[in-house]
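Novice: Numbering (our numbering), first residue to last: 531 to 859.
No lab work stands behind these hints: they were computed from the structure. Note that the structure is predicted; figures quoted are calculated from it, not measured. Take the hints with a grain of salt, since some may be wrong.
[Stated by the list, open to error] Only pairs whose alpha carbons sit at most 25 Å apart, straight line, appear in this in silico SDA-like list of lysine to any residue:
#, residue 1, residue 2
1, K658, A691
2, K849, E819
3, K582, R594
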Amino acid sequence: MPDSSPPLVRAALLMPLILHFEDRGGDVDLLLDDMQISKAIRTDFDRLIPVKAIYETIDEIATRLGDPFLGATVGRDMARNAMGPVTQHLAGEQTVGNLLDRFLISVGSYGNSTNYRLENDGQYATLKMTRKVEPDANPTHPDALTLALLIEQIRPRVGQAWDPKDVLAVVVDETVVPDWLLPRSSLITGSKMGLTLRFPSRWMVMNQAFETGDMSLGETAKEFETLVGSVRSFCSDHMSDPKLDITKTARACRLHPKALSRKLSSEGTSFKAILDEQRQQYATTAIGEGEMTVTEIAFRTGFTQASNFTRAYRRWTGKAPSQARAKQR
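Sequences and hints are given; from them, build the entire structure.
Specialist: Structure representation (C-alpha coordinates):
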(Lines of atoms letter the chains of each structure in order from A; the text may use other names.)
(Lines give C-alpha, C1' and ligand atoms only; values in the text may rest on other atoms or scores of the structure.)
Protein backbone atom coordinates (compact mmCIF):
# COMPACT_ATOMS: atom_id res chain seq x y z
CA MET A 531 0.00 0.00 0.00
CA PRO A 532 1.59 3.33 -1.01
CA ASP A 533 2.52 5.85 1.65
CA SER A 534 -0.03 8.69 1.56
CA SER A 535 1.84 10.94 3.98
CA PRO A 536 3.28 14.18 2.51
CA PRO A 537 7.02 14.22 1.66
CA LEU A 538 9.02 15.80 4.47
CA VAL A 539 12.39 17.53 4.60
CA ARG A 540 14.52 18.97 7.37
CA ALA A 541 14.05 22.67 8.10
CA ALA A 542 17.78 23.21 7.54
CA LEU A 543 17.08 23.19 3.79
CA LEU A 544 15.05 26.37 4.20
CA MET A 545 17.73 28.31 6.09
CA PRO A 546 19.92 29.46 3.15
CA LEU A 547 16.79 30.88 1.50
CA ILE A 548 15.75 32.71 4.65
CA LEU A 549 19.24 34.11 5.16
CA HIS A 550 19.35 35.35 1.58
CA PHE A 551 15.93 36.97 2.00
CA GLU A 552 17.10 38.64 5.20
CA ASP A 553 20.30 39.84 3.51
CA ARG A 554 18.18 41.55 0.88
CA GLY A 555 16.20 43.42 3.53
CA GLY A 556 13.21 41.09 3.79
CA ASP A 557 11.16 40.70 6.99
CA VAL A 558 11.68 37.02 7.82
CA ASP A 559 9.23 36.89 10.74
CA LEU A 560 6.48 38.34 8.56
CA LEU A 561 7.35 35.90 5.77
CA LEU A 562 7.15 32.91 8.11
CA ASP A 563 3.85 34.15 9.51
CA ASP A 564 2.43 34.58 6.01
CA MET A 565 3.63 31.11 5.00
CA GLN A 566 2.34 29.62 8.30
CA ILE A 567 5.78 28.22 9.16
CA SER A 568 6.90 28.03 12.76
CA LYS A 569 9.66 30.49 13.72
CA ALA A 570 11.24 27.59 15.63
CA ILE A 571 12.89 26.48 12.38
CA ARG A 572 15.43 29.29 12.85
CA THR A 573 17.04 27.30 15.65
CA ASP A 574 15.61 23.80 15.23
CA PHE A 575 17.22 22.80 11.93
CA ASP A 576 16.22 19.14 12.30
CA ARG A 577 12.51 19.90 12.46
CA LEU A 578 10.64 18.11 9.65
CA ILE A 579 8.42 20.25 7.43
CA PRO A 580 6.45 19.41 4.26
CA VAL A 581 8.51 19.78 1.10
CA LYS A 582 5.61 21.83 -0.24
CA ALA A 583 6.56 24.52 2.30
CA ILE A 584 10.03 24.76 0.75
CA TYR A 585 8.63 25.13 -2.76
CA GLU A 586 6.05 27.73 -1.77
CA THR A 587 8.46 29.72 0.37
CA ILE A 588 11.19 30.02 -2.27
CA ASP A 589 8.54 31.00 -4.82
CA GLU A 590 7.22 33.65 -2.45
CA ILE A 591 10.71 35.00 -1.73
CA ALA A 592 11.44 35.24 -5.46
CA THR A 593 8.20 37.17 -5.93
CA ARG A 594 8.82 39.55 -3.02
CA LEU A 595 12.39 40.25 -4.12
CA GLY A 596 11.47 40.42 -7.80
CA ASP A 597 14.33 38.02 -8.55
CA PRO A 598 13.66 35.54 -11.40
CA PHE A 599 16.98 33.78 -10.68
CA LEU A 600 16.59 33.43 -6.90
CA GLY A 601 17.05 29.66 -6.77
CA ALA A 602 20.18 29.70 -8.94
CA THR A 603 21.69 32.58 -6.96
CA VAL A 604 21.17 30.88 -3.60
CA GLY A 605 22.51 27.57 -4.95
CA ARG A 606 25.62 29.33 -6.27
CA ASP A 607 26.25 31.09 -2.97
CA MET A 608 25.78 27.86 -1.01
CA ALA A 609 28.33 26.10 -3.21
CA ARG A 610 30.92 28.88 -3.16
CA ASN A 611 30.68 29.55 0.58
CA ALA A 612 30.19 25.92 1.68
CA MET A 613 27.33 27.31 3.73
CA GLY A 614 24.16 25.57 4.74
CA PRO A 615 23.03 21.96 4.51
CA VAL A 616 24.49 19.46 2.04
CA THR A 617 27.26 21.77 0.77
CA GLN A 618 29.05 21.76 4.10
CA HIS A 619 29.69 18.04 3.56
CA LEU A 620 31.16 18.46 0.07
CA ALA A 621 34.16 20.72 0.56
CA GLY A 622 36.59 17.91 1.39
CA GLU A 623 35.81 15.81 -1.70
CA GLN A 624 38.50 16.21 -4.34
CA THR A 625 37.26 14.48 -7.50
CA VAL A 626 33.94 15.09 -9.20
CA GLY A 627 33.05 11.43 -8.66
CA ASN A 628 33.71 11.61 -4.93
CA LEU A 629 31.82 14.88 -4.78
CA LEU A 630 28.71 13.37 -6.34
CA ASP A 631 28.90 10.25 -4.16
CA ARG A 632 29.01 12.47 -1.07
CA PHE A 633 26.17 14.60 -2.46
CA LEU A 634 23.95 11.54 -2.88
CA ILE A 635 24.66 10.41 0.68
CA SER A 636 24.05 13.90 2.08
CA VAL A 637 20.76 14.69 0.34
CA GLY A 638 19.36 11.37 1.49
CA SER A 639 19.74 12.46 5.10
CA TYR A 640 17.69 15.64 4.68
CA GLY A 641 14.35 14.28 3.54
CA ASN A 642 12.29 11.63 1.78
CA SER A 643 10.85 13.58 -1.14
CA THR A 644 13.22 12.57 -3.95
CA ASN A 645 15.34 9.76 -5.33
CA TYR A 646 18.77 10.41 -6.84
CA ARG A 647 20.62 8.10 -9.22
CA LEU A 648 24.05 8.50 -10.81
CA GLU A 649 24.68 6.65 -14.08
CA ASN A 650 27.89 6.38 -16.08
CA ASP A 651 28.10 4.69 -19.49
CA GLY A 652 31.75 5.54 -20.10
CA GLN A 653 30.92 8.45 -22.38
CA TYR A 654 28.54 10.47 -20.22
CA ALA A 655 27.79 10.62 -16.52
CA THR A 656 24.17 11.42 -15.72
CA LEU A 657 22.75 12.50 -12.38
CA LYS A 658 18.98 12.10 -12.18
CA MET A 659 16.72 13.49 -9.47
CA THR A 660 13.19 12.07 -9.45
CA ARG A 661 10.40 13.14 -7.13
CA LYS A 662 8.48 10.33 -5.46
CA VAL A 663 5.15 12.07 -6.01
CA GLU A 664 4.08 14.83 -8.36
CA PRO A 665 4.54 18.13 -6.51
CA ASP A 666 1.48 20.25 -5.80
CA ALA A 667 3.62 23.41 -5.69
CA ASN A 668 6.03 25.06 -8.12
CA PRO A 669 9.46 23.29 -8.11
CA THR A 670 11.21 25.53 -10.65
CA HIS A 671 13.31 27.58 -8.22
CA PRO A 672 14.25 24.58 -6.03
CA ASP A 673 15.46 22.75 -9.14
CA ALA A 674 17.46 25.80 -10.26
CA LEU A 675 19.02 25.90 -6.78
CA THR A 676 20.05 22.24 -7.00
CA LEU A 677 21.41 22.69 -10.52
CA ALA A 678 23.48 25.74 -9.52
CA LEU A 679 24.78 24.04 -6.40
CA LEU A 680 25.99 21.05 -8.44
CA ILE A 681 27.51 23.05 -11.29
CA GLU A 682 29.30 25.46 -8.96
CA GLN A 683 30.83 22.45 -7.19
CA ILE A 684 31.74 20.57 -10.38
CA ARG A 685 33.13 23.48 -12.42
CA PRO A 686 36.20 24.30 -10.23
CA ARG A 687 37.13 20.62 -10.04
CA VAL A 688 37.03 20.33 -13.83
CA GLY A 689 39.07 23.50 -14.31
CA GLN A 690 40.05 24.43 -17.86
CA ALA A 691 38.31 21.34 -19.24
CA TRP A 692 34.96 22.91 -18.36
CA ASP A 693 32.86 23.70 -21.41
CA PRO A 694 29.11 24.36 -21.08
CA LYS A 695 28.65 22.88 -24.54
CA ASP A 696 29.47 19.50 -22.98
CA VAL A 697 26.70 19.88 -20.39
CA LEU A 698 23.02 19.06 -20.78
CA ALA A 699 20.43 19.85 -18.10
CA VAL A 700 16.75 18.91 -18.17
CA VAL A 701 14.80 21.39 -16.04
CA VAL A 702 11.19 22.32 -15.40
CA ASP A 703 11.59 25.92 -16.55
CA GLU A 704 14.54 27.19 -18.61
CA THR A 705 13.76 30.84 -17.82
CA VAL A 706 14.89 30.53 -14.17
CA VAL A 707 18.37 29.35 -15.22
CA PRO A 708 20.62 32.41 -15.81
CA ASP A 709 23.20 32.56 -18.58
CA TRP A 710 26.04 32.74 -16.06
CA LEU A 711 25.07 29.23 -15.00
CA LEU A 712 24.33 27.56 -18.33
CA PRO A 713 23.46 28.86 -21.82
CA ARG A 714 20.04 28.05 -23.26
CA SER A 715 21.70 25.67 -25.71
CA SER A 716 22.55 23.40 -22.74
CA LEU A 717 18.97 23.30 -21.45
CA ILE A 718 15.97 21.13 -22.26
CA THR A 719 12.51 21.60 -20.77
CA GLY A 720 11.38 18.63 -18.70
CA SER A 721 8.62 17.87 -16.20
CA LYS A 722 7.87 18.68 -12.59
CA MET A 723 8.94 15.18 -11.63
CA GLY A 724 12.65 15.86 -11.60
CA LEU A 725 15.95 17.20 -12.81
CA THR A 726 18.72 15.69 -14.95
CA LEU A 727 22.33 16.80 -15.33
CA ARG A 728 24.61 15.14 -17.92
CA PHE A 729 28.31 15.77 -18.56
CA PRO A 730 31.34 13.87 -19.95
CA SER A 731 32.37 10.79 -17.99
CA ARG A 732 36.01 11.87 -18.00
CA TRP A 733 35.10 14.71 -15.65
CA MET A 734 34.31 12.19 -12.92
CA VAL A 735 38.00 11.63 -12.14
CA MET A 736 39.05 15.26 -12.45
CA ASN A 737 40.19 17.41 -9.57
CA GLN A 738 41.65 20.77 -10.51
CA ALA A 739 41.00 22.36 -7.13
CA PHE A 740 44.20 21.06 -5.56
CA GLU A 741 46.45 20.23 -8.50
CA THR A 742 50.18 20.77 -7.88
CA GLY A 743 50.21 23.36 -10.63
CA ASP A 744 47.85 25.62 -8.69
CA MET A 745 49.22 28.67 -6.97
CA SER A 746 50.01 28.33 -3.30
CA LEU A 747 48.88 30.89 -0.77
CA GLY A 748 52.13 32.79 -1.06
CA GLU A 749 51.76 33.05 -4.86
CA THR A 750 48.24 34.43 -4.87
CA ALA A 751 47.28 38.07 -5.11
CA LYS A 752 47.47 38.27 -1.33
CA GLU A 753 51.07 38.29 -0.18
CA PHE A 754 52.02 37.82 3.47
CA GLU A 755 55.37 38.03 5.18
CA THR A 756 54.72 35.05 7.45
CA LEU A 757 53.14 31.64 7.27
CA VAL A 758 50.90 32.63 10.17
CA GLY A 759 49.54 35.50 8.07
CA SER A 760 48.78 33.14 5.21
CA VAL A 761 46.99 30.66 7.46
CA ARG A 762 45.07 33.48 9.12
CA SER A 763 43.88 34.72 5.72
CA PHE A 764 42.91 31.23 4.56
CA CYS A 765 40.92 30.64 7.76
CA SER A 766 39.21 34.01 7.37
CA ASP A 767 38.20 33.22 3.78
CA HIS A 768 36.97 29.69 4.55
CA MET A 769 35.65 29.89 8.12
CA SER A 770 32.08 29.14 6.96
CA ASP A 771 33.20 25.59 6.14
CA PRO A 772 32.34 23.50 9.23
CA LYS A 773 34.88 20.89 8.08
CA LEU A 774 37.76 23.31 7.66
CA ASP A 775 40.78 21.62 9.21
CA ILE A 776 44.56 21.62 9.18
CA THR A 777 44.66 19.12 6.32
CA LYS A 778 42.81 21.44 3.92
CA THR A 779 44.86 24.41 5.09
CA ALA A 780 48.15 22.56 4.76
CA ARG A 781 47.21 21.53 1.21
CA ALA A 782 46.68 25.20 0.32
CA CYS A 783 50.08 26.00 1.84
CA ARG A 784 51.74 23.13 -0.07
CA LEU A 785 52.80 21.56 3.22
CA HIS A 786 52.18 18.29 5.00
CA PRO A 787 49.77 18.82 7.93
CA LYS A 788 52.46 17.76 10.42
CA ALA A 789 54.94 20.21 8.87
CA LEU A 790 52.40 23.03 9.08
CA SER A 791 51.66 22.14 12.69
CA ARG A 792 55.39 22.23 13.57
CA LYS A 793 55.94 25.56 11.82
CA LEU A 794 52.94 27.16 13.53
CA SER A 795 54.07 25.75 16.88
CA SER A 796 57.49 27.36 16.40
CA GLU A 797 55.63 30.66 15.96
CA GLY A 798 53.83 30.10 19.25
CA THR A 799 50.43 29.27 17.82
CA SER A 800 48.39 26.48 16.20
CA PHE A 801 45.85 25.99 13.44
CA LYS A 802 42.99 25.62 15.92
CA ALA A 803 44.01 28.80 17.73
CA ILE A 804 44.14 30.79 14.49
CA LEU A 805 40.79 29.47 13.25
CA ASP A 806 39.19 30.14 16.63
CA GLU A 807 40.62 33.66 16.60
CA GLN A 808 39.24 34.41 13.14
CA ARG A 809 35.79 33.07 13.99
CA GLN A 810 35.77 35.05 17.23
CA GLN A 811 36.73 38.29 15.50
CA TYR A 812 34.07 37.87 12.83
CA ALA A 813 31.37 36.86 15.30
CA THR A 814 31.98 39.63 17.83
CA THR A 815 32.05 42.26 15.08
CA ALA A 816 28.87 40.91 13.46
CA ILE A 817 27.03 40.72 16.78
CA GLY A 818 28.07 44.29 17.55
CA GLU A 819 26.89 45.59 14.18
CA GLY A 820 23.51 43.94 14.69
CA GLU A 821 22.78 43.53 10.96
CA MET A 822 22.60 39.70 10.90
CA THR A 823 20.68 37.19 12.97
CA VAL A 824 22.53 34.93 15.39
CA THR A 825 21.66 31.95 13.17
CA GLU A 826 23.21 33.57 10.10
CA ILE A 827 26.37 34.48 12.01
CA ALA A 828 26.54 30.88 13.23
CA PHE A 829 26.41 29.57 9.64
CA ARG A 830 28.99 32.08 8.43
CA THR A 831 31.44 31.11 11.15
CA GLY A 832 31.16 27.40 10.43
CA PHE A 833 28.69 26.24 13.08
CA THR A 834 25.89 23.92 11.99
CA GLN A 835 23.86 24.50 15.15
CA ALA A 836 23.02 27.87 16.71
CA SER A 837 23.39 26.31 20.17
CA ASN A 838 27.02 25.35 19.46
CA PHE A 839 27.74 28.88 18.30
CA THR A 840 26.18 30.30 21.46
CA ARG A 841 28.46 28.14 23.63
CA ALA A 842 31.51 29.24 21.64
CA TYR A 843 30.52 32.89 21.89
CA ARG A 844 30.08 32.59 25.63
CA ARG A 845 33.55 31.03 25.84
CA TRP A 846 35.01 33.91 23.84
CA THR A 847 33.28 36.79 25.59
CA GLY A 848 31.69 35.52 28.78
CA LYS A 849 28.25 36.48 27.44
CA ALA A 850 25.60 34.88 25.27
CA PRO A 851 25.10 36.53 21.85
CA SER A 852 21.67 37.80 22.92
CA GLN A 853 23.19 39.48 25.98
CA ALA A 854 25.93 41.11 23.92
CA ARG A 855 23.43 42.37 21.37
CA ALA A 856 21.11 43.73 24.06
CA LYS A 857 24.04 45.67 25.53
CA GLN A 858 24.68 47.33 22.15
CA ARG A 859 21.14 48.75 22.05
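Novice: Run every hint past the structure and note whether it holds.
Specialist: Here's how the hints hold up against the structure:
1. K658 - A691: 23 Å, holds
2. K849 - E819: 16 Å, holds
3. K582 - R594: At roughly 18 Å apart (the allowed maximum being 25 Å), R594 and K582 satisfy the hint.
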